[in-house]
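Number of protein chains: 2
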Amino acid sequence: MGKIYIVGIGPGCHEDMTLRADKALRESDVIAGYTVYVDLVRDYYSDKEFISTPMMGEVNRCRMALEEAQKGKTVSMVCSGDAGVYGMAGLIYKLSVEYKPMDIQVIPGITSALSGGALAGAPLTHDFAVVSLSDLLTPWEKIECRLREASKADFTLCLYNPSSKKRHDYLAKACGICMEYKSEETVCAIAKNIGREGEAYQVMTLKELAVTPVDMFTTVFIGNSQSRVIDGKMVTPRGYMEKEHGKK
Amino acid sequence: MGKIYIVGIGPGCHEDMTLRADKALRESDVIAGYTVYVDLVRDYYSDKEFISTPMMGEVNRCRMALEEAQKGKTVSMVCSGDAGVYGMAGLIYKLSVEYKPMDIQVIPGITSALSGGALAGAPLTHDFAVVSLSDLLTPWEKIECRLREASKADFTLCLYNPSSKKRHDYLAKACGICMEYKSEETVCAIAKNIGREGEAYQVMTLKELAVTPVDMFTTVFIGNSQSRVIDGKMVTPRGYMEKEHGKK
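Quick note, the sequences are listed as chains V and U, same order. 4 is the number of the first residue of the first sequence in my numbering; add one for each residue after it. 4 is the number of the first residue of the second sequence in my numbering; add one for each residue after it.
Hints are computed from structural coordinates only; laboratory data are not their basis. Warning: the hint list may mix true and false statements.
When chains are identical, the list treats them as one kind, so a pair holds in a single copy or across two.
[Said to hold, decoys possible] As a list, the in silico SDA-like pairs of lysine to any residue whose alpha-carbon atoms are at most 20 Å apart:
id, residue 1, residue 2
1, 155, 184
2, 26, 102
3, 103, 233
4, 6, 233
5, 74, 38
6, 76, 54
Input sequences plus hints: build the corresponding full structure.
Okay, here's the thing in structure tokens:
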């Protein structure tokens, strides 16, 4: 039976990978993935076969990995961040029905909400919603609806894919929607190039965020009504009754 | 200057910890945390000093850790899952202003949304919201509002703390709210004892979830309108236009 691991490798630095992910890669015959992610791990597992495909070839990439597994090889499909969160796990499951029997194991990894959050402080200590601003596979109206309802309910928001060359004004539009329900003074943060060269974070208000340039390597945090700045970090308390509770 | 790591140790199994987390624990003089979490790591770092406190002593636990760091020791505060998501990072930042100067480093970990998701399939491949059903620090009305708005916007939901002795009917109430906006046939899953003895998952409909007994070691997934069952796993597609896109 073919065996495929779908491995979340975390933000990019080898240290942010789990021990389980490292073990799966070491056990594998083949490491497959988007070129940039394969290059992030190549030096650590240099005795492996590598299959890498460019950005938009997701379906082909998954098929190539499944075909290798069907031949009896152990294959790891690497995803940046987590294997599931905007990752390849869903697509592998969907395509795998054509390559049965297949042993599929999903190995979770540190998604940018967590790694970016750790860099910027502790923005996600309470309920939060994760929204991708990419409208490649999702109608923009759906994205707007999610930003609106999440803002109404005072969720902390974590935004993935806040910008690209074609979508340079999407973050400003998203901030505009949030400001219909959240104060323009809401504490926000951005985390850039997490776990890679040029890693940086910045804490600001929602109003400032709306005019801050970001790129596709940026993760954005928009606080809830309780989020605050402590020593330059963005911190969301654990609840709405923390103070009283802490006094006990 | 005092040094404190706030370390997400993942779901419980040592392999689900990141290499960075493992390194921080090895570097530390003291490992502090809730007794159950400290016990999960104790055997791997047996040469350390340990400070463990029972469940409700969060503030004291953080103060004890900060005091040790102030004495010049390197301290790791361990959290199950991630250090930020419903973790101790926020509280450490808040209290740390009384223990300056203090070098604080948050080391992210695999939170249950990711580890439970990997176990149940790929439920979080698209936008999702994480909500805790614990009303200890949050008014129940706020929790209801979040479930309602997130359901309206067709988010996949991941529920933490779905039940406890005092709150045995909370999941049923939450499902009732979701069913006002989501189909009762919505694909759902539960993941239990992730990374520990008795690990299990189960895929079911929202209507079935409403009458399924869960405990505090269960993580719950409620799909969006596109979530489906593939080979007994819960899978949410990457978007709403995936089929067309995949055909290109």
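Under the constraints set out in the numbered hints, which ones does this structure not fulfil? Numbers 2, 5 - these are the hints that the structure violates, sorted from lowest upward.
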